[in-house]
Amino acid sequence: MFKLNNVRYKNIISIKELSIEKGQTTCIVGESGSGKTTLLKLLNHMIDYSEGTISYRETDLKSLNAVLHRREVILLPQAPVIFPGTVRDNLLIGLAFAGKEPVEDERLLEELKKVGLSHKTLVEDAEPLSGGEKQRLALVRVLLMEPEVLLLDEPTSALDDERAEEITAYINDYLTTGGKTLVLVTHSKHLAGMMGRKIVTMSNGSITSIAEVA
Amino acid sequence: MNEIIEIGPLRLLSGYLFILILLALVKNLEIKKEKEIIIATARMTLQLLAMGYILVYIFDQSRFYITLLVYAVMIFFAIRNIFGRIKAPINKKLRHVIILSMTMGTVITAFYFLLLVINIQPWYEPRYFIPIAGMIIGNSMTGISLGVERLIGEMKAKKNLVEGALMLGATPRDATLNIVRDVFTSAVMPTINSMVGMGIIFLPGMMTGQILAGLSPLIAIEYQIAIMLAILGSVSITLFMLIRFGYLTFFNKWSQLEE
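Chains as they are written, first to last, in our numbering: chain P, 1 to 214; chain C, 215 to 473.
Hints in this document: simulated from the structure, not taken from any laboratory.
Take these hints with a grain of salt, some might be off.
Claimed, not checked - Below, simulated DSSO-like cross-link-like pairs (lysine-lysine); rule was C-alpha separation at most 27 Å, straight line:
1) 198(P) x 3(P)
2) 372(C) x 10(P)
3) 370(C) x 10(P)
4) 307(C) x 62(P)
5) 467(C) x 373(C)
As the list claims (entries may be wrong) - To give an idea of the interface, some chain C residues facing chain P are shown, with a C-beta separation under 7 Å as derived from the structure:
6) 374
7) 378
8) 381
9) 382
10) 383
11) 384
12) 388
As the list claims (entries may be wrong) - Listed next, the stretches of chain P that the computed footprint assigns to chain C, with coverage defined by at least 3 CB atoms under 8 Å from CB atoms of chain C:
13) 44–54
14) 62–68
15) 79–86
Each residue gets a CB set at the ideal place from its N, CA and C atoms; glycine is no exception.
I would like the entire structure built from these sequences, with the hints used as guidance.
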């Protein structure tokens, strides 16, 4: 799905070769500052690489429409942005950006329930939510857009173990039903081992090892 | 009653008594501003005297190219003033947008009002063209300065919201829609607010001048209404052009935020 060759971004990233297969989960692990988040931004085309090539579905990323690309390959940052407005506004804003039809309230409430936010109403202000609640709200927002590739940056970092498992199951459900691709950045080797078919370890902006999980 | 009272040099000189009072006051309060006051007074006097003679010459000549040259000089200094007023760095593309907005916005409004609303004959009649175009340019300059300052400030303050929207596949236009709306409102509101107090709280400068010059207050009001509409029109058009093209200068061809 993605192929990276000799990609450099400033002094932060230097990747000789990496491929990300369709329908698989690739986990990126490594110390803080190893370039994991930057790699996700490169794949989402939020930043531009100075050297090398990144291709998506065998087309050079630079020749693709970046806005349309980001609707298909969506990045969920570790501290997701909450837009001014209600919980409903925040859930539907991604669909609105993509020009897609809004989803019925019933479905929204159902999704909130699945991520442990059943105590929240659609009309309440989203800003006062806690860090973990914002993370889950943003995850639902992204999955409603049905991306082909999901780029998740530490999606369970603000959650306790029990909640983290719930969210992991929620993400897995999405992936298995549609044959979708996931690139997951995590510092948790346990989570990486549990979810990933391929585990990429990064250090100082480079890939130090790639392990396939049977 | 309708005759103009000419002040004359001697009585005008007596007006400078207030400068002497001010100098005495600051000396008494030990505020070391004497030099600035003297320089400001001298500059005001000399600049206005020079402008008076220049205008007499231009009005006597009444040539279209002189009128257009004065217009170009006013635009040039207005744009220079905008660049000088804004403290934040302005990128090259945004500078071009400011130049384009100021020039196009004021030209469209000035020509519309001078030729169609006031219907001056000939079209370059400097007695009308220069002061009215000056007011349009001056007010647009203030509007654009406010707008640019706000646009740069908001793009910086709300960078994470813009980035968050882009990550979700928003176009740069959608990602900055709230910022653009806010910029337009905050820059156009001072002009709208000034219209509200007009005639009740204060008499505008142009109207006061015309009345003092012996013109009927009713005609002065006609002119004042026309010029206020022209100013509002010009501020709106220049701001619209600024926001329409200005937000794009913060993005590159891949809809990424410029660093």
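Verification of the hints:
1. 198(P) x 3(P): 14 Å, holds
2. 372(C) x 10(P): Answer holds: residue 372(C) to residue 10(P) is near 25 Å, not above 27 Å.
3. 370(C) x 10(P): 22 Å, holds
4. 307(C) x 62(P): 22 Å, holds
5. 467(C) x 373(C): 18 Å, holds
6. 374: OK, holds: residue 374(C) within 7 Å of chain P, min 6 Å.
7. 378: OK, holds: residue 378(C) within 7 Å of chain P, min 3 Å.
8. 381: Residue 381(C) check passes; min Cβ-Cβ to chain P is 5 Å, inside 7 Å.
9. 382: For residue 382(C), the interface hint holds, since the closest Cβ of chain P sits about 4 Å away, which is under 7 Å.
10. 383: Constraint on residue 383(C) satisfied, holds at 3 Å.
11. 384: 4 Å, holds
12. 388: 6 Å, holds
13. 44–54: holds (count 5)
14. 62–68: Since 4 is at least three, the answer is holds.
15. 79–86: holds (count 4)
Comparing the model with each numbered hint stated earlier shows that all of them hold.
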